[in-house]
Amino acid sequence: MPVLKIEDIHKDYLLGKSVIHALKGLSLSVEKGDFISVVGPSGCGKTTLLNILGCIDKPSSGRVYFRGEDLSKMTDNQEADIRLREIGFIFQSFNLVPVLSCSENIEFPLILAGVPKKERRRRTARLVEIVGLADFAEHKPDELSGGQRQRVAIARALVNNPSLVIADEPTANLDSETGNSILETMNRLNREEKVTFIFSTHNPEIMQYARTIIHLKDGAVTRVDQGVPA
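Residue 214 in the UniProt record's numbering sits at position 214 of the sequence shown; the count goes up by one each step and never skips.
These are computed hints drawn from the structure, not numbers from a lab. Treat the hints with care, as some may be off.
[Said to hold, decoys possible] Listed below are the simulated BS3-like cross-link pairs for lysine-lysine, each with C-alpha atoms no more than 30 Å apart in a straight line: (1) K58 to K217; (2) K73 to K118; (3) K32 to K58; (4) K217 to K24; (5) K5 to K194; (6) K5 to K117; (7) K73 to K5; (8) K17 to K217; (9) K140 to K32; (10) K194 to K58; (11) K58 to K24; (12) K5 to K58; (13) K194 to K118; (14) K17 to K58; (15) K118 to K58; (16) K140 to K117; (17) K140 to K118; (18) K32 to K5; (19) K5 to K217; (20) K73 to K58; (21) K32 to K117; (22) K17 to K32; (23) K194 to K117; (24) K140 to K5.
Generate the whole structure from the sequences, applying the supplied hints.
Structural data, given as structure tokens:
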């Protein structure tokens, strides 16, 4: 069973008296362990697609299935629970809580999910090690570099053992060397931890990492390329 499946998704926005067709009939299946990149020019629909895949937004028409369940039949609370427990998010702006330490930022979703303290600390410590931030666990975000902040964001996205991690331009605010390091980290987690990733990027180095590259233009898929083998 796919982790996520969308069928004939359309998304329209009303801008004044005009209707903007952001997505036009997209269909996609995401399997466990996939490493998928969505690429295309600014305004092509990448973020809109990721928001729908992440249960942040709803399509105007079409179906979204998460682990076989039709999201259109779920309540808002049920969708919120999926976002908390089943989907990890990595944002280009990091979205870290400035008053919390590296470890506390990673631990925060576990507190929201009601995970006992001992288990929270175990998972957090493990992920701090995995993303290479053991020496910075008690540092606040403003004491970290951009790449280190994004590693915190990656660890936070993984801490609830999600079925899927969605990353919207995770390297956009980083220099090329740091951005490639972040992609290497995501790739390693995908291969070693079997984490399922789908992300958007402008990074031309993506062909070194993604196994499926989906090209979007004007809200439609223009082609799908196979990247590196699994």
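Against the structure, the hints:
no. : hint         : result
1   : K58 to K217  : 20 Å, holds
2   : K73 to K118  : 36 Å, violated
3   : K32 to K58   : 23 Å, holds
4   : K217 to K24  : 10 Å, holds
5   : K5 to K194   : 19 Å, holds
6   : K5 to K117   : 34 Å, violated
7   : K73 to K5    : 15 Å, holds
8   : K17 to K217  : 23 Å, holds
9   : K140 to K32  : 33 Å, violated
10  : K194 to K58  : 28 Å, holds
11  : K58 to K24   : 14 Å, holds
12  : K5 to K58    : 14 Å, holds
13  : K194 to K118 : 24 Å, holds
14  : K17 to K58   : 21 Å, holds
15  : K118 to K58  : 36 Å, violated
16  : K140 to K117 : 21 Å, holds
17  : K140 to K118 : 22 Å, holds
18  : K32 to K5    : 12 Å, holds
19  : K5 to K217   : 20 Å, holds
20  : K73 to K58   : 12 Å, holds
21  : K32 to K117  : 29 Å, holds
22  : K17 to K32   : 42 Å, violated
23  : K194 to K117 : 26 Å, holds
24  : K140 to K5   : 38 Å, violated
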